[in-house]
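Engineer: Keeping the supplied structure of chain H fixed, place chain P upon it in accordance with the hints.
This is what each chain is made of:
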Amino acid sequence: MFAVVMLAGIYGLVCASFFVAMDAVDVAFTEASIGAGISTLLMLTTVAMTGRTDHEATHKPLMAFVAVIVTGGLLIYGTFDMPYFGSADAPVHQHVGPHYIYDSIQEIGVPNMVTSVLASYRGFDTFGEVTVIFTAGIGVLALLSVARRPEDDAVMEAINDSMHEKHLILRIVIKTMIPFIVLYAFYVQFHGDYGPGGGFQAGVIFAAGIILYAMLFGLGAARRVITQPVVQMLSALGVLVYGSVGLVSMLNGGSFLDYNVLAADPIAGQHLGILLIELGVGLTVASVMIIIFYSFVGRSQFQKANKGELL
Amino acid sequence: MTMILGLYNYWIVIVLMMIGFYIIIAHGHLIKKIVGLNIFQISVFIFYISLGKVDGGTAPIWQEGIILYSNPLPHVLILTAIVVGIATTALGLALTVRIKEAYGSVNEDEIQAMDNQVMASQEKEPQQC
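One line per chain: the protein sequences are H and P, in this order. When we follow the numbering used here, the leftmost residue of the first sequence carries the number 366, and every step to the right adds one. When we follow the numbering used here, the leftmost residue of the second sequence carries the number 197, and every step to the right adds one.
This is chain H alone, in the form it adopts within the complex (with noise of 0.2 Å):
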């Protein structure tokens, strides 16, 4: 199970390369910080809680093979018609591709045409994704929670201070990093309109950064820097915060999400609009994803003291 995971990872990694090579810088960046680094982990988290082996399947993977088989096949009939590889004048390029390419540098004044599409013209769209992150984070804290009583934290501190003093370099090391990689978070959260990045970016590096520190310093001690509640009431303020946006511009009178009104210069209400926006989502998907690994990370620390318990 182990090497499945890694070579998941490693797939990951892979990927973002392809995505680079085709142009599309800010979804590897995603691709990279997710693909390869957090989802990695959380697999990682769990194949210690529900352990490494596996038996051989006992029905036969025959049927499943021909199914694959016959469903590749017709996908592979079905791609004789898709217009070729690097075609310029393929039906994805006419509709409101060029309006973005061409228009947006004059509408939005942002030069990055992947933030301004993300969040000005499909503002909608990125407001139900945050929505979807969130939800997600609170159905991972439904499942995962569990009641923390005050002598657990002691014992687990015991044991995270005696497991700890074996790895002294990676501490050292990593605490010498962990500032860079705030840093570079909150680069990639406000540099997003001009160059590769944005809030779901800046998001995900911002809670590694943490995440990071939780992996070497104990859940106790990361739970100390930003608590639990913290996160949660974060969590939360990012779609508040972006929500609110579409709503003052309803109050100044635009439609919802119009960030035209927001200042007297079009361009001026957009630049703030997107910062706005971008924030929240930052503030939502990195509060999100340390939610997700403080609920990983307390669930297994409570099945270890459990089984302590039992012995």
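Heads up, a few of these hints could be off.
Stated by the list, open to error - Each computed PhoX-like pair below joins lysine-lysine, with the alpha-carbon atoms no more than 25 Å apart:
hint : chain 1 : residue 1 : chain 2 : residue 2
1    : P       : K296      : H       : K672
2    : P       : K296      : H       : K669
3    : P       : K296      : P       : K229
What the hints assert, rightly or not - Example chain P residues on the side facing chain H (calculated, C-beta under 7 Å, incomplete):
hint : residue
4    : I208
5    : I210
6    : V231
7    : I238
8    : F243
9    : K249
10   : P256
11   : W258
12   : G261
13   : P268
14   : A283
15   : T284
16   : T285
17   : L287
18   : G288
19   : V293
It should be emphasised that the hints constitute simulated quantities derived from the structure, not laboratory data. If you're wondering where the values come from, they're calculated on a predicted model, not measured in any experiment. Beta carbons: idealized from backbone N, C-alpha and C, even for Gly.
Structural biologist: Leaving out everything else, chain P in the frame of chain H:
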């Protein structure tokens, strides 16, 4: 030959997608199923991104003097989809952890067998009374 060169991106996507699909239906281990689902998901991401690519275009960040860009729309859709994907994967893994706690196993067949046993004993009970 031009067809092979023109369509290879779709074929890579389909191969990856089918690998993911096979893992999902052929393996009983729940974490492996989630890994399969991830492979499937990423193949869809590659499909979208490859649709957005234009020959000779650059990354869609506006710069003086460049006229040909790749289409930013698929990038936006996939960017958000990746983050939503990890959130839902985390939810799936959380469910797996709870299943392990409740059943003591993460193997689909064993879980099914246990469920069947419980069902059978529930059906018998009224007759015994």
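Engineer: Would you mind marking each hint as holding or not holding in the structure?
Structural biologist: How the hints compare with the structure:
For the hint pairing P/K296 with H/K672, the CA-to-CA distance comes to about 14 Å; that is within 25 Å, so the pair holds. For the given pair, P/K296 sits about 14 Å from H/K669 by alpha-carbon distance, which is consistent with the 25 Å threshold. A C-alpha spacing of about 15 Å is found between P/K296 and P/K229, which places the hinted pair at or below 25 Å, so the restraint holds. Restraint check, P/I208 versus chain H: the minimum CB separation of about 9 Å is more than 7 Å; hint violated.
A hinted interface residue such as P/I210 counts as satisfied when its beta carbon comes closer than 7 Å to some beta carbon of chain H; here the least separation is about 5 Å, so the hint holds. Evaluation of the P/V231 hint against chain H yields a held restraint, the C-beta minimum of about 5 Å falling below 7 Å. For the restraint placing P/I238 at the interface with chain H, the shortest Cβ-Cβ distance is roughly 5 Å, inside the 7 Å limit, so the hint holds. Checking P/F243 against chain H: minimum C-beta separation of about 10 Å lies over 7 Å; hint violated.
Contact between P/K249 and chain H, as hinted, is supported at the beta carbon level, the nearest pair being about 5 Å apart and thus within 7 Å. For P/P256, the suggested interface contact is upheld, since its CB lies about 4 Å from the closest CB of chain H, less than 7 Å. A least Cβ separation of about 4 Å between P/W258 and chain H falls short of the 7 Å threshold, and the interface hint therefore holds. The interface hint given for P/G261 is broken, as the beta carbon of that residue sits about 13 Å from the closest beta carbon of chain H, more than 7 Å.
For P/P268, the suggested interface contact is upheld, since its CB lies about 4 Å from the closest CB of chain H, less than 7 Å. The closest approach between the C-beta of P/A283 and any C-beta of chain H is roughly 4 Å, which is under the 7 Å cut-off, so the hint is satisfied. Proximity of P/T284 to chain H holds as hinted, the smallest CB-CB distance being about 6 Å (cut-off 7 Å). Because the smallest distance between the Cβ of P/T285 and any Cβ of chain H comes to about 6 Å, under 7 Å, the interface hint for this residue holds.
Interface restraint check for P/L287: the shortest CB-CB distance to chain H comes to about 5 Å, inside 7 Å, so the restraint holds. Checking P/G288 against chain H: minimum C-beta separation of about 9 Å lies over 7 Å; hint violated. Hint on P/V293 holds. Least Cβ distance to chain H is approximately 5 Å, under the 7 Å limit.
Comparing the model with each numbered hint stated earlier shows that hints 4, 8, 12, 18 do not hold.
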